[in-house]
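Participant: These are the residues of each chain, in order.
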Amino acid sequence: MAIRENGAGGGEDQMVVFQLTEQTYGIDIASVYEIIRMEAITRVPRTPGFVEGVINLRGKIIPVIDLCKRFNLQLTERTGSSRIIIVNVAGNTIGMIVDAVSEVLRVPLDSIEPPPPMIHGIDAAYLKGIAILDSRLVILLNLEKILYEHETNELQGFGLETA
Amino acid sequence: MFSDEEISVFLDELEEKIQVLNENILVLEREGENQEALQEIFRAAHTIKGSSAVMGYDKMATLTHEIENLFDQMRKGLLPVSGPLVDTLFLALDTLHVLRDEIIGKDVSVDIEQVVARLRQCQGPQSAPAAGEAPEAGQGQYSPPDGGVTGVLEDVDEEVIREAGFRGNQAYWVNVEVDPACQMKSVRAFLVFETIQQVGEVIKCEPSAEDIQEGRFDVGFRVVLLTSEDADRIRNLIMTVSEVTRADISRIKLAEGPGGALRRAEPGSREKNAEQTAKAEHAEVKTVQTVRVDVQNLDTLMNLVGELVIDRTRLNRFAEIFEGRFGTGSSDLVEKMNEISGHLGQVTGDLQEQIMKARMLPVAQVFNRFPRMVRDLAQKLGKEVNFIVEGHETELDRNVIEVIGDPLIHLIRNALDHGIEEPEERVRLGKARSGVLRLKASYMENHIIITVQDDGKGMDPARLRAKAVEKGLVEREAAERMSDAEAVNLIFLPGFSTVTVVSDLSGRGVGMDIVRNHIEQINGIVEVFSTLGAGTTFTIKLPLTLAIIRAMMVELANEQFAFPLTNVLETISVKAGEIKKVKHNEVILVRGRILPLVRLADIFEREDSGEEKERLFVVVLGIGDKRVGVIVDKLLGDLEIVIKSLGDYLGKVPCLSGATILGDGQVALIVDVRSLVKEIGVEEAVYAAG
Numbered sequence: 134m135a136i137r138e139n140g141a142g143g144g145e146d147q148m149v150v151f152q153l154t155e156q157t158y159g160i161d162i163a164s165v166y167e168i169i170r171m172e173a174i175t176r177v178p179r180t181p182g183f184v185e186g187v188i189n190l191r192g193k194i195i196p197v198i199d200l201c202k203r204f205n206l207q208l209t210e211r212t213g214s215s216r217i218i219i220v221n222v223a224g225n226t227i228g229m230i231v232d233a234v235s236e237v238l239r240v241p242l243d244s245i246e247p248p249p250p251m252i253h254g255i256d257a258a259y260l261k262g263i264a265i266l267d268s269r270l271v272i273l274l275n276l277e278k279i280l281y282e283h284e285t286n287e288l289q290g291f292g293l294e295t296a
Numbered sequence: 226m227f228s229d230e231e232i233s234v235f236l237d238e239l240e241e242k243i244q245v246l247n248e249n250i251l252v253l254e255r256e257g258e259n260q261e262a263l264q265e266i267f268r269a270a271h272t273i274k275g276s277s278a279v280m281g282y283d284k285m286a287t288l289t290h291e292i293e294n295l296f297d298q299m300r301k302g303l304l305p306v307s308g309p310l311v312d313t314l315f316l317a318l319d320t321l322h323v324l325r326d327e328i329i330g331k332d333v334s335v336d337i338e339q340v341v342a343r344l345r346q347c348q349g350p351q352s353a354p355a356a357g358e359a360p361e362a363g364q365g366q367y368s369p370p371d372g373g374v375t376g377v378l379e380d381v382d383e384e385v386i387r388e389a390g391f392r393g394n395q396a397y398w399v400n401v402e403v404d405p406a407c408q409m410k411s412v413r414a415f416l417v418f419e420t421i422q423q424v425g426e427v428i429k430c431e432p433s434a435e436d437i438q439e440g441r442f443d444v445g446f447r448v449v450l451l452t453s454e455d456a457d458r459i460r461n462l463i464m465t466v467s468e469v470t471r472a473d474i475s476r477i478k479l480a481e482g483p484g485g486a487l488r489r490a491e492p493g494s495r496e497k498n499a500e501q502t503a504k505a506e507h508a509e510v511k512t513v514q515t516v517r518v519d520v521q522n523l524d525t526l527m528n529l530v531g532e533l534v535i536d537r538t539r540l541n542r543f544a545e546i547f548e549g550r551f552g553t554g555s556s557d558l559v560e561k562m563n564e565i566s567g568h569l570g571q572v573t574g575d576l577q578e579q580i581m582k583a584r585m586l587p588v589a590q591v592f593n594r595f596p597r598m599v600r601d602l603a604q605k606l607g608k609e610v611n612f613i614v615e616g617h618e619t620e621l622d623r624n625v626i627e628v629i630g631d632p633l634i635h636l637i638r639n640a641l642d643h644g645i646e647e648p649e650e651r652v653r654l655g656k657a658r659s660g661v662l663r664l665k666a667s668y669m670e671n672h673i674i675i676t677v678q679d680d681g682k683g684m685d686p687a688r689l690r691a692k693a694v695e696k697g698l699v700e701r702e703a704a705e706r707m708s709d710a711e712a713v714n715l716i717f718l719p720g721f722s723t724v725t726v727v728s729d730l731s732g733r734g735v736g737m738d739i740v741r742n743h744i745e746q747i748n749g750i751v752e753v754f755s756t757l758g759a760g761t762t763f764t765i766k767l768p769l770t771l772a773i774i775r776a777m778m779v780e781l782a783n784e785q786f787a788f789p790l791t792n793v794l795e796t797i798s799v800k801a802g803e804i805k806k807v808k809h810n811e812v813i814l815v816r817g818r819i820l821p822l823v824r825l826a827d828i829f830e831r832e833d834s835g836e837e838k839e840r841l842f843v844v845v846l847g848i849g850d851k852r853v854g855v856i857v858d859k860l861l862g863d864l865e866i867v868i869k870s871l872g873d874y875l876g877k878v879p880c881l882s883g884a885t886i887l888g889d890g891q892v893a894l895i896v897d898v899r900s901l902v903k904e905i906g907v908e909e910a911v912y913a914a915g
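Here the protein sequences line up with chains W and U, keeping their order.
Per this note's numbering, the first sequence starts with residue 134, numbered consecutively.
Per this note's numbering, the second sequence starts with residue 226, numbered consecutively.
Just so you know, these hints were derived from the structure itself, not from any lab.
Careful: at least some of the hints might be erroneous.
Under the rule of at most 25 Å between Cα atoms (straight-line distance), these lysine-lysine pairs were calculated in the PhoX-like manner [said to hold, decoys possible]:
(1) U:Lys806 / U:Lys859
(2) U:Lys877 / U:Lys805
(3) U:Lys838 / U:Lys808
(4) U:Lys806 / U:Lys877
(5) U:Lys877 / W:Lys278
(6) W:Lys193 / U:Lys877
(7) U:Lys877 / U:Lys838
(8) U:Lys851 / W:Lys202
(9) U:Lys696 / U:Lys851
Listed next, the stretches of chain W that the computed footprint assigns to chain U, with coverage defined by at least 3 CB atoms under 8 Å from CB atoms of chain U [said to hold, decoys possible]:
(10) 145-154
(11) 169-178
(12) 193-200
Note that the Cβ used here is the ideal one computed from N, Cα and C, for glycine as well.
Sequences and hints are given; from them, build the entire structure.
Facilitator: Structure representation (structure tokens):
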């Protein structure tokens with residue numbers, strides 16, 4: 134799925150760009166499976182707070198997480214432009230709620246800079262870098278880390294407590 | 226080298242044949258020389274020998290070769306069935322099994338020398354010439370006494386002939402010669418066929434039937450004829466056809482042949498034969514046509530059908546809404562719609578049933594290994610037992626089959642070890658010297674019931690109570706309040722064992738707990754009934770399939786939850802005033818019994834609707850001997866649901882076993898009744914302590 138062009142400029146990445154509490158974020162297009170409108174989410178009790186619940190995606194049960202809650206950002210209201218980005222990371226299909234999906238951007242690799250230790254309350258560990266495009270700041274997320282590293286621990290810890 | 230697939234086919238066949246050997250040796254042990262069993266054994270050993278040699282597994286080929294020799298002698302009546310002989314045979318089979326493990330890469334090293342030596346010892350001196358035979362599939366050229374009528378028989382033909390033999394039909398090689406000057410050989414041949422087919426069935430011919438009928442043969446052709454007529458009559462019949470100069474008939478006696486059969490004697494000719502004699506063969510061997518399918522493909526099919534079931538339900542609902550909105554009288558559109566939805570529903574239902582059937586296997590798959598196990602165990606324990614197996618053919622989903630093997634082994638071992646008494650003891654008690662152990666499978670509604678029943682000493686409720694208290698598993702008062710039936714169920718508690726001396730067979734105090742765990746994991750229920758002095762019966766109730774279940778749907782805070790119906794005992798409606806508080810727990814009296822209550826809203830951290838309701842709905846759940854009432858907002862009735870996993874990402878969520886998709890596309894969560902009941906138990910204990 135990934136379309137990477139290795140041009141003279143050292144190549145570029147294609148990013149799906151979305152809004153979250155008035156910030157612009159980007160994730161690698163290769164991990165995006167599809168983008169759907171908000172739909173009714175069945176809450177799953179006794180899961181970590183950022184897990185919104187599960188949805189039925191054409192007969193498959195898909196967990197959905199709220200990225201705002203994940204990063205402890207200020208919660209925004211769900212609007213008509215809210216979307217669920219379905220991503221496929223490390224073999225699992227997971228939905229992420231975002232405020233809006235704006236576009237697919239080609240980001241030249243040489244315009245990506247390493248992330249600062251902390252940006253908008255998000256630890257640098259969860260970031261791949263920062264891209265500056267047409268004077269806009271796009272924060273590139275490291276999905277693998279976001280979805281698993283911290284979370285799996287939390288999920289596991291959660292399971293252990295109640296077992 | 227052989228491909229993985231070929232090896233796997235070989236291993237499957239091997240497993241099957243070892244099972245055949247096991248079963249039939251047991252028959253021999255029980256009934257002495259049984260020709261049918263001997264034939265079966267000989268054939269199975271021969272097949273293993275042939276294929277293992279082809280695959281290059283020399284040790285296995287050598288071993289089966291020795292086994293085959295032994296059976297050959299038994300078949301000819303040169304060697305009587307005896308205890309030591311049977312023991313040696315079982316030893317050889319076990320070695321065969323280890324050899325199989327070696328092939329699949331288990332780290333075992335097998336030395337077959339000893340077994341081979343023992344097998345040779347059993348054979349005695351007559352075996353010497355046979356031992357020189359090459360271990361490949363031997364060429365079995367059948368030569369009748371007069372040498373005039375020869376032909377090569379294939380395995381398949383031999384089987385057909387043997388089967389015919391059981392029904393009183395004889396097999397003959399019929400050699401027909403036609404006048405060399407004959408102008409219409411094909412017509413003559415056709416007439417010969419016509420004539421002999423009136424009195425019997427042609428199962429083979431040389432050259433091929435096609436060639437014969439088109440006259441492409443020299444002066445003669447030969448056929449194998451199955452008939453109940455005698456040779457003279459057949460000869461006379463054939464001779465009535467003009468221009469037939471000679472008809473030689475000789476009877477085929479398979480047992481006298483070297484036993485070898487040639488596979489694919491004439492490549493290609495079999496197909497033609499099959500075509501020509503299809504009718505005859507069909508009548509003789511009713512072979513089931515099968516295709517091996519990867520289990521994963523079946524699982525995928527099952528999932529797809531699950532999708533269809535969901536859409537069918539959605540369409541039904543939509544049709545209802547459609548009808549409601551546009552009325553019944555307004556147009557035939559509504560009628561069409563209903564018709565389509567009805568038909569789709571029916572087809573989907575049939576499809577679902579067929580695919581479920583495709584996943585079904587007879588319980589014989591599991592049951593078949595038990596007779597041997599029981600025999601060995603009984604011998605080791607010095608007990609006599611009559612092991613009766615019923616309901617072999619009962620079919621179960623293969624996933625369920627995979628899980629029930631171990632629990633059943635536990636139960637059978639327990640019955641032999643702790644249940645059935647020593648023969649002398651039984652005689653002293655006035656019982657029959659040998660005990661009866663009965664394993665039975667049967668259907669009951671949408672479930673399968675497996676019972677393991679012995680007529681041994683049974684369990685003593687008083688002793689069980691004392692033991693449970695001593696081990697600190699139950700409070701003394703609680704134990705004393707228990708009925709005898711409840712006390713017997715104490716054996717399912719973790720860490721419970723009544724045997725003070727731990728034997729190597731059973732009784733490390735983990736057995737029954739694990740048995741129950743295994744069975745409940747697949748939504749089954751295990752119960753035990755025991756009468757002191759008269760025996761013990763274990764009853765296992767299992768769902769036919771794991772993928773689709775019936776569930777009681779309830780509503781809580783506007784969301785739907787499903788309780789698997791296997792765990793739902795009943796649903797009741799209670800007045801709020803009837804609920805009593807004991808310590809911190811809510812309970813209610815149902816038919817004189819105290820039923821602990823729990824609110825689903827508390828368990829699932831749902832906001833309580835707040836309003837004080839006069840009537841409350843309670844789903845009464847049962848796991849083993851535990852009963853719990855769960856208060857919900859609404860009861861919605863039962864529904865057939867497809868179980869879906871919540872996925873690896875969420876992992877194991879407490880008190881949930883999965884989710885299902887409802888008719889309107891919404892997701893409903895399935896309650897894991899077992900972990901829910903367990904959790905409530907934990908809370909109770911905490912309260913009691915505090």
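Participant: Under the criterion that the straight-line Cα-Cα distance not exceed 25 Å, is the pair Lys806 (chain U), Lys859 (chain U) satisfied?
Facilitator: Answer holds: Lys806 (chain U) to Lys859 (chain U) is near 23 Å, not above 25 Å.
Participant: Please check whether the segment 193-200 of chain W has three or more residues whose CB lies within less than 8 Å of a CB on chain U.
Facilitator: holds (count 4)
Participant: Has the given pair, Lys806 (chain U) with Lys877 (chain U), been kept, meaning a C-alpha gap of at most 25 Å?
Facilitator: Violated, because 32 Å separates the two Cα atoms, which is more than 25 Å.
Participant: Lys851 (chain U) and Lys202 (chain W): Cα distance at most 25 Å?
Facilitator: Roughly 40 Å separates the two Cα atoms, so the pair is violated.
Participant: Quickly compare the C-alpha distance for Lys838 (chain U) and Lys808 (chain U) to 25 Å and report which way the hint goes.
Facilitator: holds (23 Å)
Participant: Can you confirm whether the C-alpha distance between Lys877 (chain U) and Lys805 (chain U) stays at or below 25 Å?
Facilitator: violated (34 Å)
Participant: Would you check the hint for Lys877 (chain U) and Lys838 (chain U), treating anything up to 25 Å between C-alpha atoms as holding?
Facilitator: violated (33 Å)
Participant: At a Cβ distance under 8 Å, does chain U reach at least three residues of the segment 169-178 of chain W?
Facilitator: holds (count 5)
Participant: Below or equal to 25 Å on CA atoms is what counts here, so check Lys193 (chain W) against Lys877 (chain U).
Facilitator: Holds, at roughly 17 Å.
Participant: Starting from Lys877 (chain U), check that the Cα of Lys278 (chain W) is at most 25 Å away, please.
Facilitator: Since the Cα atoms of Lys877 (chain U) and Lys278 (chain W) sit roughly 21 Å apart, the hinted pair holds (cutoff 25 Å).
Participant: Need the status of pair Lys696 (chain U), Lys851 (chain U): alpha-carbon distance at most 25 Å?
Facilitator: holds (20 Å)
Participant: Take the segment 145-154 of chain W, compare each residue's beta carbon with every beta carbon of chain U, and decide whether three or more fall closer than 8 Å.
Facilitator: Violated: only 0 residues of the segment 145-154 of chain W have a Cβ under 8 Å from chain U.
Hint compliance for this structure: hints 2, 4, 7, 8 and 10 are broken, all remaining hints hold.
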